[in-house]
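*Asks:* Chain order of the listed sequences is A and B.
Using this note's numbering, read the first sequence as starting at 1 and increasing by one per residue.
Using this note's numbering, read the second sequence as starting at 1 and increasing by one per residue.
Treat the hints as calculated values from the structure; they're not laboratory data.
Careful: at least some of the hints might be erroneous.
To be verified - Have a look at the derived ranges for each label pair, beta carbon to beta carbon:
| # | chain 1 | residue 1 | chain 2 | residue 2 | range |
| --- | --- | --- | --- | --- | --- |
| 1 | B | V150 | A | A81 | 43 to 53 Å |
| 2 | A | D66 | B | A180 | 46 to 56 Å |
| 3 | B | P202 | A | A146 | 30 to 40 Å |
| 4 | A | G142 | B | A20 | 48 to 58 Å |
Small disclaimer: the values here were computed from a predicted structure and weren't measured.
Idealized CB from N, CA, C, for every residue including glycine.
The chain contents come next:
Protein chains: 2
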Amino acid sequence: MSTGDEVAQPKRTGRRPGGADTRRTVLEAARAEFAARGYEKASMRAIARAAGVDAALLHHYFGTKDQLFLAALELPVDPRAVVERALAGDPAGVGGRVADFVLDLWEQPGVLDRLLALIRAAATTEQVAALMRGFVTAELIGRIAAALEVERPELRAELMFSQIVGLAMARYVVRIEPLASAPREELHPLLARTFQNYLVTP
Amino acid sequence: MSTGDEVAQPKRTGRRPGGADTRRTVLEAARAEFAARGYEKASMRAIARAAGVDAALLHHYFGTKDQLFLAALELPVDPRAVVERALAGDPAGVGGRVADFVLDLWEQPGVLDRLLALIRAAATTEQVAALMRGFVTAELIGRIAAALEVERPELRAELMFSQIVGLAMARYVVRIEPLASAPREELHPLLARTFQNYLVTP
């Protein structure tokens, strides 16, 4: 086992001199393993090995595989928590709350670049597509579908996902105008209606 | 000028021995020029030069730049003709007609591969994104918007475009289930409602 966060006074080997570097090494190893093997097949043990840290300590510091995946994405929010917040409360406002989340998310520092990198990689690399597929299916769609009271709830949750990905592509990658520059208040009602229809309207 | 379609009895130089090869050479030169310079800046003259054919004959055989772009994509339908058909007729059925078109399009031989190649390239290469942006803006959005009777018609047409791109990503690239395998009759009413709301509902 190498030095790292878990060692009170890390031996400075030059490779992993301290806490912040260990964290970076682990997240890089995680991104490489997730990209190479996909979400479902990625192994915490292999990530620990690649990062040169103890598997038990990896779990201690980064939690379960889904928590490590989210940490590796370095999003400012946990999409599962957001989903739960959006689906709780008045059903008439679900679409609006999802639109709030989607429109806020890209504005947060560093998020746009990381999400676009993920979408670009998923578009061109089957392993990243598999990673996104595994995570979205295992961690998001089931959770959303369980809270819906419509028929075919998974399909509807995935159509919502497709609109979010397509919005990112059209607004931030292809950047067609006026969509790319449209202010939040013009987009919000139109997106809210789409999300409401997918998630709530029979 | 080289041999080609326009020459009754082409000299067989080995490089461009006949009609089919000339066509392929021109379409390849066009794809390269569109990818390198984007739709707006791409030059018919440069394409003719790269393909080794006369510019006037290029126009004669392939028409205007937008026609050559569509030919280079090798789609089985002209999206502008489809758009005009979908927008004509009963406004209450616009969403359903667009959903018909979108769901039919991918099923046609060879279309899925070419459109996914275009989307993948646009996701990763700014020049291809510029090409898509230029063509969609110049040839599709204005045409659709002119036929709409809602406020902000361009924005609404582009949201429709974003849903189509996102559907392609989620269904054919990321391939999340059950969306990837969902039969047409399950998707159609949900998509039709989204398109109807974007294009028609105030």
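*Asks:* Next, verify each hint and record whether it holds.
*Replies:* Cross-check of the supplied hints:
1. V150(B) to A81(A): 43 to 53 Å: violated (35 Å)
2. D66(A) to A180(B): 46 to 56 Å: Since the Cβ atoms of D66(A) and A180(B) sit about 22 Å apart, the hinted range of 46 to 56 Å is violated.
3. P202(B) to A146(A): 30 to 40 Å: For P202(B) and A146(A) the Cβ distance comes to about 34 Å; the hint holds.
4. G142(A) to A20(B): 48 to 58 Å: holds (51 Å)
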